[in-house]
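Asks: Below are the chains, spelled out letter by letter.
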Amino acid sequence: MHEMSLCENLISVIEAEATRQNFGRVSKIWLEVGPFSGAEPEALRFCFDAVSRGTLAEAAEFEIVPTPGTAYCMGCAESVVIGERYDPCPRCGSHVLQITGGTELRIRELEVA
Amino acid sequence: MCVTCGCHSDAVKIGGIDYTFPAVTQPALGAHAASTEARRIVQIERDILSKNDAEAEANRAFFRANGIMSVNLVSSPGSGKTTLLVRSVADLMPMIPVAVIEGDQQTSNDAERIRATGAPALQINTGRGCHLDSHMVARALPLLAPRPQSYLFIENVGNLVCPSAFDLGEGARAVVISVTEGEDKPVKYPDMFASADVVLVNKIDLLPHLSFDVAALEGSVRKVNRRAEILKVSATTGAGLENWYGWLAARRAALLA
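Chains A and B supply the protein sequences, listed in that same order. Under full-length UniProt numbering, the residue at position 54 of the first sequence is numbered 54, and the numbers go up by one with no gaps. Under full-length UniProt numbering, the residue at position 248 of the second sequence is numbered 248, and the numbers go up by one with no gaps.
Bound-form chain B, shown alone (with noise of 0.2 angstroms):
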């Protein structure tokens, strides 16, 4: 079964392959008769996440070893997270080699947007699914062999709940929120706004249309997160692109020293 929402597993597919989820064994009921033995209290200690949590470290070893940057990109849908990328990977690739996993439900239509800029995308589809996990990252990896010293963006399902317990492994986790959207995001949803090391304030060329108060979309994002960048930009008109691309250089430089 799906461990992400229990339908078939069938339903996932990773680069248009069906995809098998970890067996979970399931020792035969009976071998132990419960009324006849004693009861006893064991100690577990144990996260519940600490399989995916080992899964995302054996990940983020992989991009340490290879110099990958590696970018775990979240959004609700419709925040042009896409069109970011898109823009991004044609701007990036002429300086590093860039590979994306993009994950959706269904269709392949975002990795092929990929596609079109000549640089290598691999779709996940995760059915009813409402997120990425690091197993899927991890299975998705050889198939798209990104290359050493590249960066590599991973396009997770446009979802402000559910990816945000899931480790991927990742190097950097960004949250892109346009100005079509309300400014008490980040408090609506504020375990994404907090586990997020940037911020992008998308579809800025809209502003002169809209009654948006950037100040306080930052304030908003500043109740649940001190640290993180807030970068604004335009994936249409380019405006703001360059401090993005300097922020990921500074954070690839940061964590492959």
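The following block holds chain A by itself, in its conformation from the complex (with noise of 0.2 angstroms):
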């Protein structure tokens, strides 16, 4: 359940980006998760409504942009797209992968008043 951690962390950086940018709410959040994130996007955002709650970004809409899992297969020499970090290459079977995208647990941009 880190989950919960990582929205308390989520709330910290947009309390920083308002007295940066200069806003007082946020109506919209666009948040990017990768599948090796570690972060289930269903509990992130059961946790957001929670933690959420008494701060600027109270109901606000919580959108998860899903990023792909890509890699860099070495036999192939190419950028590919895989499912879960044990995937294997999907054009030659290979597991000599290098993980180059997926990680992600971004906030991308938010609508704020």
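FYI, nobody ran anything at the bench for these hints, they're computed from the structure. Model, not experiment: these values are computed from the prediction. One thing to keep in mind: the hints can contain errors.
As the list claims (entries may be wrong) - Some, not all, of what chain B presents toward chain A, calculated at C-beta under 7 angstroms:
| hint | residue |
| --- | --- |
| 1 | 17 |
| 2 | 39 |
| 3 | 41 |
| 4 | 42 |
| 5 | 44 |
| 6 | 46 |
| 7 | 47 |
| 8 | 48 |
| 9 | 164 |
| 10 | 165 |
| 11 | 187 |
| 12 | 190 |
| 13 | 191 |
| 14 | 194 |
| 15 | 223 |
| 16 | 224 |
Every residue gets a Cβ at the ideal spot worked out from N, C-alpha and C, and that includes glycine.
Two chains, two separate frames, one set of hints: put the complex together.
Replies: Encoded structure:
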């Protein structure tokens, strides 16, 4: 259940940005979540509702933007898309892959007032 | 409120002392009336763990400046992590100073086991929390005061899920798995095994009594992590521990070079 902790971190980043970019309320959050981020989107949504109460992001719409899991296959010398960390290369079946994307847990943008 | 699970903050103790979470400032609501102000989109592009990661970098800089080789030990409960640590501390202490940070939900049993070896140990109780974070370690460091040119072992909460996301600033991450667990654990908990620098396969003295397939375990590790060293050890008999100590020394030399 570290999604609760992640949401506390999310609120704290937003509060720091509120001071820096001069806004007082957040009405929508776009959060990029990759398949290898270690976070479960539905658990994030559940925890966000609890953690955002009484903050400037209370009742904000919470949009999770899934990002693809990508890897570089050494054998094919190409970038491929994979669903899980342990998936083989969809082209050649090799496990000699270097994960290049999918660990994102990043606030992309906010709708603020 | 506890940043980990929402529990009351006095549930977390570091060395028996109540731990205060960093304050989350909450600007008063209604300072701006949303309905009368133009909404706008602001670009953020910030990782939500950026605060933890920044404090982890500060810890890492402290370790480097003081010549401290720090190891974050993670595993399921029951892998023999504490027994391995007690043995490692006892074996390494004659050669190099060793200190230990112990993370558990409750009790200071593990810190007491370490202190029995003569090494300094500090217990962090996470209350209902499921992992250590870089701020807890930063708070523990001045209390424990690890000596320069030493090893610092940080035993994380027994959990193969949550601790994977939280960089503590460690110089190496060691995942311990015992041969009484399943060979497919690395693919069941891929995030943790993907982040390992070394995988310690513990309790190998029990292999004659089990149907555990070490090659299958190694295959599972390789599906998620190509680079981690895999070392077979027994904390009880001491088998293979020289390879673990050798690995630590080499890693220390590389990090502090």
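Asks: Now tell me if each hint is right for this structure.
Replies: Cross-check of the supplied hints:
| no. | hint | verdict |
| --- | --- | --- |
| 1 | 17 | violated (21 angstroms) |
| 2 | 39 | holds (5 angstroms) |
| 3 | 41 | holds (5 angstroms) |
| 4 | 42 | holds (5 angstroms) |
| 5 | 44 | holds (4 angstroms) |
| 6 | 46 | holds (5 angstroms) |
| 7 | 47 | holds (5 angstroms) |
| 8 | 48 | holds (4 angstroms) |
| 9 | 164 | holds (5 angstroms) |
| 10 | 165 | holds (4 angstroms) |
| 11 | 187 | holds (4 angstroms) |
| 12 | 190 | holds (4 angstroms) |
| 13 | 191 | holds (4 angstroms) |
| 14 | 194 | holds (5 angstroms) |
| 15 | 223 | holds (4 angstroms) |
| 16 | 224 | holds (5 angstroms) |
Of the numbered hints given earlier, the model fails hint 1 alone.
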